[in-house]
Amino acid sequence: MNADFTAEELAFQAEVREFLTNEFPAELKAKVDNRIRLSKEEIVRWQKILYKKGWMAPNWPKEYGGTGWTPTQKYIFSTEMGLVGAPEATPFGVTMVAPVIMAYGTEEQKQRFLPDILESNVWWCQGYSEPNAGSDLASLKTMAVRDGDHYVVNGNKTWNTYGQYADWIFCLVRTDNSVKKQEGISFLLIDMKSPGVSLKPIVLLDGHAEVNEVFFDDVRVPAENLIGEENKGWTYAKVLLTHERTNIAGVPRSKRRLASLMRTAAQTDDGFGGTMAENAGFKAQLAEVEIELQALETAELRTLAALSVGKAPGPESSILKIVGSELAQKMDELAVELAGYNCLPFVPEQFEDGFEGEPMGPGTSAGAALTYFNNRKLSIFGGSNEVQRNIISKAVLGL
Amino acid sequence: MDFSYSEEQQMLQESVQKFVLQKYDFGTRDEIIKTDAGYSSDNWSLFAELGWLTVPFKEEDGGFGGHAVDLMVMMEEFGKGMLVEPYLSAAVMGGTLIADLGSDEQKSALIPQIMEGGLITAVAYAEQGSRFNPFNVTTSAKADGDDVVLNGVKTAVLGAPNAKILIVTARESGADTDAEGIAVYLVDAAAEGVAIKPFTTIDGRKSGDVSLDNVRVPSTARLGAAGAASSALAAMIDRAALAVAAEAVGAMDSLLAKTVEYSKTRKQFGTAIGTFQALQHRMADMFIQCQLARSIVVRAAMVLDSDDDASIKTKAVSSAKARVGKAIRLVGQEAVQIHGGIGVTDELDVGHLFKRVTALDLMFGNAEYHLQRFASL
Numbered sequence: 001m002n003a004d005f006t007a008e009e010l011a012f013q014a015e016v017r018e019f020l021t022n023e024f025p026a027e028l029k030a031k032v033d034n035r036i037r038l039s040k041e042e043i044v045r046w047q048k049i050l051y052k053k054g055w056m057a058p059n060w061p062k063e064y065g066g067t068g069w070t071p072t073q074k075y076i077f078s079t080e081m082g083l084v085g086a087p088e089a090t091p092f093g094v095t096m097v098a099p100v101i102m103a104y105g106t107e108e109q110k111q112r113f114l115p116d117i118l119e120s121n122v123w124w125c126q127g128y129s130e131p132n133a134g135s136d137l138a139s140l141k142t143m144a145v146r147d148g149d150h151y152v153v154n155g156n157k158t159w160n161t162y163g164q165y166a167d168w169i170f171c172l173v174r175t176d177n178s179v180k181k182q183e184g185i186s187f188l189l190i191d192m193k194s195p196g197v198s199l200k201p202i203v204l205l206d207g208h209a210e211v212n213e214v215f216f217d218d219v220r221v222p223a224e225n226l227i228g229e230e231n232k233g234w235t236y237a238k239v240l241l242t243h244e245r246t247n248i249a250g251v252p253r254s255k256r257r258l259a260s261l262m263r264t265a266a267q268t269d270d271g272f273g274g275t276m277a278e279n280a281g282f283k284a285q286l287a288e289v290e291i292e293l294q295a296l297e298t299a300e301l302r303t304l305a306a307l308s309v310g311k312a313p314g315p316e317s318s319i320l321k322i323v324g325s326e327l328a329q330k331m332d333e334l335a336v337e338l339a340g341y342n343c344l345p346f347v348p349e350q351f352e353d354g355f356e357g358e359p360m361g362p363g364t365s366a367g368a369a370l371t372y373f374n375n376r377k378l379s380i381f382g383g384s385n386e387v388q389r390n391i392i393s394k395a396v397l398g399l
Numbered sequence: 400m401d402f403s404y405s406e407e408q409q410m411l412q413e414s415v416q417k418f419v420l421q422k423y424d425f426g427t428r429d430e431i432i433k434t435d436a437g438y439s440s441d442n443w444s445l446f447a448e449l450g451w452l453t454v455p456f457k458e459e460d461g462g463f464g465g466h467a468v469d470l471m472v473m474m475e476e477f478g479k480g481m482l483v484e485p486y487l488s489a490a491v492m493g494g495t496l497i498a499d500l501g502s503d504e505q506k507s508a509l510i511p512q513i514m515e516g517g518l519i520t521a522v523a524y525a526e527q528g529s530r531f532n533p534f535n536v537t538t539s540a541k542a543d544g545d546d547v548v549l550n551g552v553k554t555a556v557l558g559a560p561n562a563k564i565l566i567v568t569a570r571e572s573g574a575d576t577d578a579e580g581i582a583v584y585l586v587d588a589a590a591e592g593v594a595i596k597p598f599t600t601i602d603g604r605k606s607g608d609v610s611l612d613n614v615r616v617p618s619t620a621r622l623g624a625a626g627a628a629s630s631a632l633a634a635m636i637d638r639a640a641l642a643v644a645a646e647a648v649g650a651m652d653s654l655l656a657k658t659v660e661y662s663k664t665r666k667q668f669g670t671a672i673g674t675f676q677a678l679q680h681r682m683a684d685m686f687i688q689c690q691l692a693r694s695i696v697v698r699a700a701m702v703l704d705s706d707d708d709a710s711i712k713t714k715a716v717s718s719a720k721a722r723v724g725k726a727i728r729l730v731g732q733e734a735v736q737i738h739g740g741i742g743v744t745d746e747l748d749v750g751h752l753f754k755r756v757t758a759l760d761l762m763f764g765n766a767e768y769h770l771q772r773f774a775s776l
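So the sequence lines, in the order shown, correspond to chains H and C.
Quick note: the first sequence, position 378, residue 378 per my numbering, numbers continuous.
In my numbering, each number is its position in the second sequence, counted from 1, plus 399.
There's no promise every hint is true.
Stated by the list, open to error - Think about it this way: if two alpha-carbon atoms lie no more than 25 angstroms apart in a straight line, the pair counts; the simulated BS3-like pairs of lysine-lysine are: (1) K663/C with K181/H; (2) K725/C with K141/H; (3) K283/H with K725/C; (4) K238/H with K725/C.
Hints in this document: simulated from the structure, not taken from any laboratory.
Generate coordinates for the entire structure from the input sequences, incorporating the hints supplied.
Here it is in structure tokens:
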């Protein structure tokens with residue numbers, strides 16, 4: 001038994017490290033390190049660098065311009081990215097809709113959509129959730145009625161991350177009301193510029209509107225934008241949701257976070273002449289996080305090893321999602337604890353691009369509570385942790 | 400043994416409940432937060448009229464009695480409404496320090512004004528390096544003739560932007576963390592050398608960082624004897640800690656009630672999510688946390704009102720603050736989680752209650768700090 005990478009994998013790891021050292025722009029890294037939100041232009045800029053290197057689409061096969069990497073190579077890549085804080089490509093295009101188009105789209109649709117996703121020319125957002133269809137996604141109500149060579153779409157979607165940047169949205173729509181709810185759903189691609197599409201930002205607890213509600217009012221969508229067959233959308237959606245859960249454990253991100261917490265603790269006064277890095281209670285909490293992270297990392301590697309010998313990803317991903325999200329949230333709590341009174345100011349604008357006022361501080365302490373609030377979403381989205389536990393109960397434990 | 404409220408306490412509770420219900424809905428509160436002052440002076444006048452500003456003061460000072468149990472009753476109801484008016488900072492913190500340390504002259508000049516609603520104070524005690532230790536004071540007070548010159552920077556001064564008088568802790572002698580050598584000064588917020596950097600807190604209150612650059616005050620501006628403020632300061636912080644713990648009890652009751660209500664109306668998979676046993680048990684756990692939090696706060700309030708030694712009182716406050724902090728995490732996080740996506744939005748009151756209890760845990764020392772203080776006593 002061993003958890004070692006092969007010589008080839010080690011060489012690949014070195015190549016990724018070198019690439020990130022040389023190509024991940026310093027000004028972007030500085031923003032990530034200082035908790036400043038990247039602008040659309042900056043995200044696109046970084047994705048185009050990845051594209052130039054041929055690494056924009058780790059999960060795509062080579063024939064479409066992907067990397068054709070093994071599961072271990074993908075793991076190494078995302079680990080190295082996470083360790084330096086380089087953002088992974090926004091998932092809605094390359095990770096979510098693209099595999100569905102590849103699997104179920106026509107040749108024309110592939111030609112039309114995939115190259116622009118790969119080159120980050122077109123920004124996608126998701127149109128899955130609805131106000132009354134969250135964990136119970138299949139109960140969605142947005143209707144698409146066929147009218148000649150168009151569908152007429154009415155309804156609304158919600159939690160559209162970065163919908164304000166999006167050119168296109170992939171939607172689950174109801175095309176048949178007379179059958180079982182899963183059987184009347186279709187998968188439709190909609191141009192956000194279509195007349196009748198409107199957007200309402202949703203401000204979250206951290207004061208930022210990263211998500212939106214999207215409304216469809218008699219939106220006419222060409223029938224050629226339907227993916228696969230009408231009423232088969234639920235099958236396609238499940239494929240997409242599997243992809244939504246890749247890298248969900250967030251181990252590299254959490255490692256980086258833990259290192260940052262340890263550094264911050266050493267710089268934080270305990271009020272009695274020492275630092276929080278010497279505080280026994282705080283040290284015990286950090287140790288607990290570190291141990292959990294080791295267990296999670298090894299659990300992920302065991303899953304990876306199974307994938308590498310050709311086993312299908314199973315409900316293990318639910319474990320990774322639950323533990324990964326709860327661990328990240330625990331670290332958010334520790335960051336709040338370290339920041340103490342310094343995270344009481346509500347200054348979301350300080351972490352927006354172009355802020356020129358006098359920042360509250362020190363460091364990113366004024367952002368600690370904002371992150372804590374915002375990251376409560378981690379256990380809610382991507383299939384809530386309750387849904388993940390249901391999956392484990394049913395699919396693993398056979399209950 | 401009798402845990403019921405006295406007739407007077409019931410009347411106080413009902414009057415605050417009525418105010419929160421009739422005049423402090425979520426939308427109204429939001430409008431108040433958006434104003435420059437960040438609180439409603441009409442509300443403040445009403446608080447004075449209803450006698451609420453007298454609650455922290457003893458009868459001999461013209462107050463309602465100054466009992467911790469009375470304060471608990473009020474703060475709990477304020478917690479349900481997520482009050483942003485500077486009641487805690489001005490009436491409880493500032494008022495308590497003046498009443499405990501002030502000379503008869505200072506008390507008779509200031510306390511009536513506070514109770515009538517005409518004077519808002521703020522207590523500047525925390526510093527960047529002090530964390531939750533109120534005795535860690537580096538702001539200096541140096542005598543210069545009949546004056547005293549203050550220099551230093553205070554952080555997270557609750558209510559500072561609204562205060563006419565700042566009550567500032569400063570070191571007259573001793574090392575940075577010595578209990579001895581700390582004094583408290585009344586400083587006009589508009590005095591030369593005082594600069595306030597205001598901000599709104601994560602839970603909608605006004606606060607600010609205060610810098611004192613060669614601020615000159617007469618030596619008569621000191622509350623109490625030279626370098627001898629630490630026990631009154633510690634007692635005030637403990638009382639304020641009890642007050643926010645009680646506030647959290649009220650806010651957590653609201654979080655639980657709203658979550659239970661939501662679970663009865665939110666339908667997924669064809670049924671109300673409140674019918675799922677997995678969620679029922681978690682709401683039952685929230686209820687248990689709310690009850691234990693209430694119990695430990697009641698205990699601490701009774702100890703504060705007793706003749707027990709100061710050290711026993713301190714320990715009782717730490718047990719309350721530590722236990723309430725633990726409840727805050729569970730109740731706050733579960734309320735958001737059970738609400739799902741809507742729980743992390745700015746538009747719903749639940750998220751704001753979550754933010755309020757998160758701030759309350761930090762104020763005057765978080766759960767971890769008080770757990771360690773409890774263990775050390």
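**Prompt:** Are the Cα positions of K663/C and K181/H separated by 25 angstroms at most?
**Reply:** holds, 23 angstroms
**Item:** 25 angstroms limit on alpha-carbon distance, applied to hinted pair K283/H and K725/C
**Value:** Holds, at roughly 18 angstroms.
**Item:** 25 angstroms limit on alpha-carbon distance, applied to hinted pair K238/H and K725/C
**Value:** Violated, because 38 angstroms separates the two Cα atoms, which is more than 25 angstroms.
**Prompt:** Is the Cα-Cα distance between K725/C and K141/H 25 angstroms or less?
**Reply:** Violated. K725/C to K141/H sits at ~40 angstroms, over the 25 angstroms cutoff.
Checked against the numbered hints above, the structure breaks hints 2, 4 and satisfies the rest.
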